Amino acid sequence: MTNLYSLSLSMADPASRQPRLFVANRGEIALRIIRAAHAIGVETVLGVSSADKDSAAAREAGRSVVLGPAASRDSYLNANLVVHAAISTGCTLLHPGYGFLSERADFAELCAAEGLVFIGPRPETVRAVGDKISAKAVAESAKVPLTPGSGKLESVEHALQVAEEIGYPVITKASAGGGGRGMIVAYDAEDLRRAFDEASTTAREAFGDDTLYLEAYVERARHLEVQLFGDGEGRTVHFGERDCSIQRRYQKMIEEAPAAILSDELRAGLRTAAIDLLASIDYRNAGTVEFLYDELRQKFYFMEVNARIQVEHPVSEQISAHDLIKLQLGLAMGTMTLPEQATIGLNGHAIEARILAEDPERNFMPCPGTITRWVPATGPGVRVDSAVQEGSTVPPYYDSMVAKLIVTGASREQAIDRLSAALRRFEVRGIATNIPLLQAIVDHPDYRANAISTKWLEDVLLPAFQTERPA
Amino acid sequence: MNEEEALNDNNGNTPLPSDDLQAIVEQFNASHWRELELEFHGTKLFLSKNSGASPEWIATRAASVPQSLVAPAAQAAPVAASPSQSGPNLSEGQVVVNAPSLGTFYRSPKPGAAPFAQIGDLVESETELCLIEVMKLFTTLRAGVKGRLVDILVEDGVMVEHDQPLFVIAVDG
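Protein sequences, first through last, are from chains U and P. Under my numbering, think of the first position of the first sequence as 75, with each following residue one higher. Under my numbering, think of the first position of the second sequence as 6, with each following residue one higher.
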C-alpha cells in the first residue's frame, strides 16, 4: 500500500531557502559548530537527546529539537531520526561533528538523497577510507608507505631473507589468528629462528594453521597525523601535522602541533604523502591522514584516514590562524574557496589536553554528576573549548570529555609552561577529572624532553603516578 | 525506545521503588548489555535491547496483547503509549499521551481519511490514536489506557519532538 504522506517531504525546495544548518552532535563540538555558523550568518538547529535538553549547545542553537531518549542508539545514532529532524526543520546543511554518525557512508548517502548537504567527504570516499583494507589499497596506489611486511612465509629461510630486507626488529604474526598469539619480536637472525618455530607451534595449536607472516616491529612509535582539506576536485592542502602520542588504550589524551620530533625533511615527506593520498581520491572538505612513526628507523607508515573533523583540530587552528569549522561550512556552501598552500602560514606551538570526567586514581572510572565549581583557566595563549559550566550535569550516557584546554606559545617550551600553569589554575569540583594526571604528564622530564612514545603513558608514567597516589 | 519492560508484581509484595527502577533502567541503557533479568522481593524485571524479546515467564501475558490489525506498507511495530500524569494543565483523573520519538504527527491513516480518534471518543488501551512518521517509517501510537479523549494538543502533519504531549485522556473509573 502506497502512503501519500511520503510526498509531503519533497515539497519544499532546498535551493529557495536561506542556509540553515542541522548540527548532528552534542557537547563541545556542537557548541563550536553552532558558534562558527552564527558568526558567518548561518542559522542553526540542534538535535538533542532528552538528556541534553538543557545543554549549553541547546541554549545557543537557533532552535533545538528533542530526537529521542538519552540512549545514543535512539537519538544521536539514529540516522533516520536525525535526517527527518533536519528536513522537518527546514535545514539545507548538516554537520555531523566527530563520532556518532560522522563516518557512516550510509548516513552521508541518506543526507544526499534527501537534498541535505553533508559537511564532509562524498559518501563513496567515506566508504573507501572507512574500511582498513580498502584504505590501505588507496594508500598503496598513491605510493604512501605502509608498514613493511611479507606475504605468507614458506620457511624459516624465507623469513630470514624477508627480515634482512626489512631490517630488524621484526615481529611474527599468525595468518589465521589474532589476540597476540603467534606474535613474537625478533631482534636478530638467531632470535628469528627461535621465534619462527615457537610462533608456528603456537599458531598450529591455537588456530589449526601454522602459516606466518612477518612485519617490521616498531619499537618506539609515535602517532603522527596531518590535517588536510580538499576541494573535491583533486586540490588538497595541509594545515601542518600533529603529534598525538600521549595515549591510553588508544585514546588520545594530549595532542600537539607541530610534531617536534620530525626533521624538516621528514616533515615535508609526511605532509606530501598525506596530500598525495587524499588528492588521489579527490577528497572533499576536512580530513586527517594518520601515520605510525618509527623513531628508530626514522620512517613513517600509513595507519588510517579520518574522514571528518577531529577532536584535536584546535591545535592546527592555533598554529595556522585558520578557523577550520568555518572553512568546512564555507566550502560546503560554496561561499569560500580552499586557500592556497602558500598562504597557510604555520607559526608557534600549540598543545591540547583533554579534560575528562574520569578518575585516574580509580582506574579511570567515569565520574558523571553535577559540576559544583567550574573555573576554567584563562590567560595569554589559553583557549578552552567546552560546553559545561558551573551547575552543568555531565550525563552518564556519552563520552566523558568535558573540556579541551588548548595553549599556544612561541615555542614548545613556552607552550608547556603555559599548559602546566593553566592546569594548575583549572578548578573543577563536584566531579573527579583527569587534571592531576595531565599535570603529572606535562611536568614530567620525559614529556618536556619529548622523549615519549605511544606506550610511554601506560608503561612509564601511569605506574609511577598510581604508586605515588595509592587508591 | 526498543526496550521492552515488564513488571510482574507477584504475591502482593512491595515492588521496587520507582527511583530505583529508573536508575536500573538508566544503567542498563548506558551499558553494553543486551538483556537484563532481575528478581527482587517477588518483583520480576526484564529489560532487553533486542526487539521482540521476552522471557518465558512473560509469554502468557504477552499472548493477550492485541496485534496490529491493519499495517501500512512501511509500518514499524505499534507503540503502546505510557500515559503520564504530569503534563500541561491536567485535571484530576487525566493523563497525557506523549510522542515516543521525534517524527511527523498524523491523525489519520492516510491523507483525506477519517482521523483515528476525535475529541470525546471513548478509547480502549489498544485504540490507535495517530501515526508518527520517521523517514517514511510509520509507527502507530495506541492509547495505552481506557478512558475518554478530551484534548488533542498538536496539529495534523507537524513535526513533534520526543516526549511531546499529544493527547489528553480522562481515565475511566
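These are computed hints drawn from the structure, not numbers from a lab. Among the hints, a few may not be true.
Label-pair restraints from in silico Cβ distances [to be verified]:
(1) U/GLU487 to P/SER87: 31 to 37 Å
(2) U/LEU420 to P/GLU160: 15 to 21 Å
(3) U/ARG323 to P/ASP161: 48 to 54 Å
(4) U/ARG436 to P/GLU160: 36 to 42 Å
(5) P/ASP161 to U/PRO413: 45 to 51 Å
(6) U/PRO219 to P/SER87: 25 to 31 Å
(7) P/ARG153 to U/LYS206: 57 to 63 Å
(8) U/GLU414 to P/GLY117: 54 to 60 Å
(9) U/THR417 to P/SER87: 54 to 60 Å
(10) U/GLY225 to P/SER87: 55 to 61 Å
(11) P/GLY117 to U/ALA186: 49 to 55 Å
(12) P/ASP161 to U/GLY443: 39 to 45 Å
Among chain U residues calculated to face chain P with C-beta under 7 Å, some are [unchecked claim]:
(13) SER124
(14) VAL139
(15) SER162
(16) ALA353
(17) SER466
Since this is a predicted model, take the numbers as computed values, not measurements. All residues carry an ideal CB built from backbone N, CA and C; glycine is no exception.
The hints, checked one at a time:
Between U/GLU487 and P/SER87 the beta carbons are some 60 Å apart, a value that contradicts the proposed interval 31 to 37 Å. Between U/LEU420 and P/GLU160 the CB atoms are about 55 Å apart, so this pair departs from the stated range of 15 to 21 Å. In this structure the supplied range 48 to 54 Å holds for U/ARG323 paired with P/ASP161, their Cβ-Cβ distance being about 51 Å. In this structure the supplied range 36 to 42 Å is violated for U/ARG436 paired with P/GLU160, their Cβ-Cβ distance being about 51 Å.
Taken as a hint, the range 45 to 51 Å holds for the pair P/ASP161 and U/PRO413, whose Cβ atoms sit roughly 49 Å apart. Checked against the hint of 25 to 31 Å, the pair U/PRO219 and P/SER87 fails, with Cβ atoms roughly 58 Å apart. Between P/ARG153 and U/LYS206, the C-beta spacing of about 60 Å keeps the proposed range 57 to 63 Å intact. Range check, U/GLU414 to P/GLY117: Cβ separation about 58 Å, and the 54 to 60 Å hint holds.
Range check, U/THR417 to P/SER87: Cβ separation about 58 Å, and the 54 to 60 Å hint holds. Evaluation of the 55 to 61 Å hint for U/GLY225 and P/SER87 yields a pass: the beta carbon distance comes to about 59 Å. Between P/GLY117 and U/ALA186 the C-beta distance comes to about 32 Å, which lies outside the given range of 49 to 55 Å. Checked against the hint of 39 to 45 Å, the pair P/ASP161 and U/GLY443 passes, with Cβ atoms roughly 42 Å apart.
For U/SER124, the interface hint holds, the least distance from its beta-carbon to any beta-carbon of chain P being 6 Å, beneath 7 Å. With a least beta-carbon distance of about 5 Å to chain P, the hint placing U/VAL139 at the interface is held under the 7 Å criterion. The criterion of a C-beta within 7 Å of any C-beta in chain P is met by U/SER162, whose closest approach is roughly 4 Å, and the hint holds. A hinted interface residue such as U/ALA353 counts as satisfied when its beta carbon comes closer than 7 Å to some beta carbon of chain P; here the least separation is about 35 Å, so the hint is violated.
Nearest Cβ of chain P to the Cβ of U/SER466: about 18 Å, over the 7 Å cut. The hint is violated.
Checked against the numbered hints above, the structure violates hints 1, 2, 4, 6, 11, 16 and 17; every other hint is satisfied.
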